[in-house]
Amino acid sequence: MNKREKLMRSLSAVQFALWELHLYLNTHPTDLEAIALHEQYEAKLRKLRDEYESKYGPLTPIVGEGVDWLKNPWPWDIEGGD
Amino acid sequence: MWTYEKKLQYPVKITRPNPKLAQIIITQYGGPDGELGASLRYLSQRFAMPWAELKGLLTDIGTEELGHLEMIGAIVYQLTRNLSVEEIEKAGFDKYFVDHTTGVYPVAASGAPFTAAYLQSKGDVLTDLHENLAAEQKARTTYDNILRFTDDPDVADAIKFLRAREVVHYQRFGEGLRLATDRLNSKNFYAFNPSFDKK
Numbered sequence: 001m002n003k004r005e006k007l008m009r010s011l012s013a014v015q016f017a018l019w020e021l022h023l024y025l026n027t028h029p030t031d032l033e034a035i036a037l038h039e040q041y042e043a044k045l046r047k048l049r050d051e052y053e054s055k056y057g058p059l060t061p062i063v064g065e066g067v068d069w070l071k072n073p074w075p076w077d078i079e080g081g082d
Numbered sequence: 083m084w085t086y087e088k089k090l091q092y093p094v095k096i097t098r099p100n101p102k103l104a105q106i107i108i109t110q111y112g113g114p115d116g117e118l119g120a121s122l123r124y125l126s127q128r129f130a131m132p133w134a135e136l137k138g139l140l141t142d143i144g145t146e147e148l149g150h151l152e153m154i155g156a157i158v159y160q161l162t163r164n165l166s167v168e169e170i171e172k173a174g175f176d177k178y179f180v181d182h183t184t185g186v187y188p189v190a191a192s193g194a195p196f197t198a199a200y201l202q203s204k205g206d207v208l209t210d211l212h213e214n215l216a217a218e219q220k221a222r223t224t225y226d227n228i229l230r231f232t233d234d235p236d237v238a239d240a241i242k243f244l245r246a247r248e249v250v251h252y253q254r255f256g257e258g259l260r261l262a263t264d265r266l267n268s269k270n271f272y273a274f275n276p277s278f279d280k281k
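Sequence lines, in order, name chains A and B.
First residue of the first sequence? That's 1 in our numbering, and the numbers climb one at a time after it.
First residue of the second sequence? That's 83 in our numbering, and the numbers climb one at a time after it.
Worth double-checking, as some hints may not be accurate.
Estimated spans, in silico, between C-beta atoms of each pair [as the list claims (entries may be wrong)]: (1) T60/A to F278/B: 29 to 39 Å; (2) A199/B to E33/A: 37 to 47 Å; (3) Y56/A to N164/B: 20 to 30 Å.
A short, non-exhaustive set of chain B residues, derived as facing chain A with CB atoms under 8 Å [said to hold, decoys possible]: (4) E87; (5) K89; (6) L90; (7) T97; (8) D142.
Straight-line C-alpha distance at most 30 Å; calculated DSBU-like pairs for lysine-lysine [unchecked claim]: (9) K3/A to K95/B; (10) K88/B to K55/A; (11) K242/B to K6/A; (12) K6/A to K88/B; (13) K137/B to K44/A; (14) K47/A to K242/B; (15) K3/A to K88/B; (16) K55/A to K89/B; (17) K6/A to K95/B; (18) K47/A to K95/B; (19) K220/B to K102/B.
It is worth saying that the hints were derived from the structure and are not from the lab.
The model shown is predicted, which means the values in this text are computed figures rather than measured ones.
Backbone N, C-alpha and C fix where the C-beta goes; we use that ideal spot for every residue, glycine too.
For reference, chain B alone in the conformation it holds in the complex (with noise of 0.2 Å):
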């Protein structure tokens, strides 16, 4: 089960609205890399990880990744506060608001609404092991565009701490990944799938 706390992971503080950035930024609540795919990736591909340390691993970066769906949700609401018609239509955000006025909805930067075919749940631990560590490559690269378009201080300083926690969730899973090749054979790793087949 999961209970709530009631703070952002990293404090989120941006006073001056700015509706065409939080629809780059709204990528990682619902787009392809976003924090939405990575959760229910990990906390989904968890029940199939053979070894506790991996069971561990995904619970916990499942859990975090939610956080982080919390600041990006925090991030877009902040930045489409008080915002009057005229600017929504020269942000060309007038698209977004028609079906959403200002609600935080999980879609991508392009307006593709979020789908489950932005991640896998393979239920073989290698699969899912380089899955992960690709998908934090690509929401390191996500905050990184992001970044080019961002020159507001208060914005950088929370989407630098996301960017940083994908490296460091690339390295826990890299270690997760060496955890579960130490255990299989080191001439064939991919002879069997340690989550299925009982050899």
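For reference, chain A alone in the conformation it holds in the complex (with noise of 0.2 Å):
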């Protein structure tokens, strides 16, 4: 596993507890205390992803555009591959 591998795995981590507080709380809109994990979480994945995208480039069309968008590898390469 390389760095960039590495630190997309830590994101991953951390986005996939805040997707599975989001879906909890559809069905337990006032738990506070799932609520406020929530928060943790989410000021975590925002350092991750400002980390992530400073080094190796946009996650989301949003913030990126061009070369920077359409460098490799996209999700489904192995890495190296063009």
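Once you've looked at the hints, go ahead and assemble the two chains, each given alone in its own frame, into the complex.
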């Protein structure tokens, strides 16, 4: 696993926790503990996302365009592929 | 609307090609209990959902299923890289290859192309939620069956993640059904259709 993949893994783990809380809150919208946890993970994700995007390019079309956005690897690529 | 994130929900990195396994796993791309049917099912049903919690739930789970469709596509793509014609023939992948080369196309493991007949959108909240609970279990069984044929740990890792998501979605749909029945007549949930009849 290279450095990019390691950072992507940390980011994905945090994003997954956040998503899992988000789904849970659809059916438990007033659970204050889950809302607080969601806020914590949100801050963590923002930090990791900024780090990732500054090093490896944009994750969403909102922040990226042109060469930066098009840069390999795409999510289904095996690293080094073109 | 939707916007794309240039990442998979869970990493897929398969270095050993296996076209035989790809032909089995592709059923979760375009088969009867696959991710394409799942996302279309929830994203279509949500328009008739009468309560905000259920609109949210179907939107989010339908969106997550699109991410799973992408993961299955990545698995199939990576399992069919750098193949020789001999390997394709030996694995029985020739019947798929002749129509699609190694392009990813929505079919079942049997080769049957994707059809909207795999899903229903009935415009009745109780009917649709029961369909969804069944759909999550059918997908979970399919992933269990895929794991019977999977000896590559890199493939099994991603498939086990997807299997676990079916279980979580089943739980959330069950809660959605409870939220719905809590708002209906406890002596007869089926007296009317809250998505259509204005009681």
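Cross-check of the supplied hints:
no.	hint	result
1	T60/A to F278/B: 29 to 39 Å	holds (38 Å)
2	A199/B to E33/A: 37 to 47 Å	holds (43 Å)
3	Y56/A to N164/B: 20 to 30 Å	holds (25 Å)
4	E87	holds (6 Å)
5	K89	holds (5 Å)
6	L90	holds (5 Å)
7	T97	holds (7 Å)
8	D142	holds (6 Å)
9	K3/A to K95/B	holds (15 Å)
10	K88/B to K55/A	holds (14 Å)
11	K242/B to K6/A	holds (20 Å)
12	K6/A to K88/B	holds (16 Å)
13	K137/B to K44/A	holds (28 Å)
14	K47/A to K242/B	holds (29 Å)
15	K3/A to K88/B	holds (17 Å)
16	K55/A to K89/B	holds (15 Å)
17	K6/A to K95/B	holds (13 Å)
18	K47/A to K95/B	holds (25 Å)
19	K220/B to K102/B	holds (22 Å)
Checked against the numbered hints above, the structure violates none of them.
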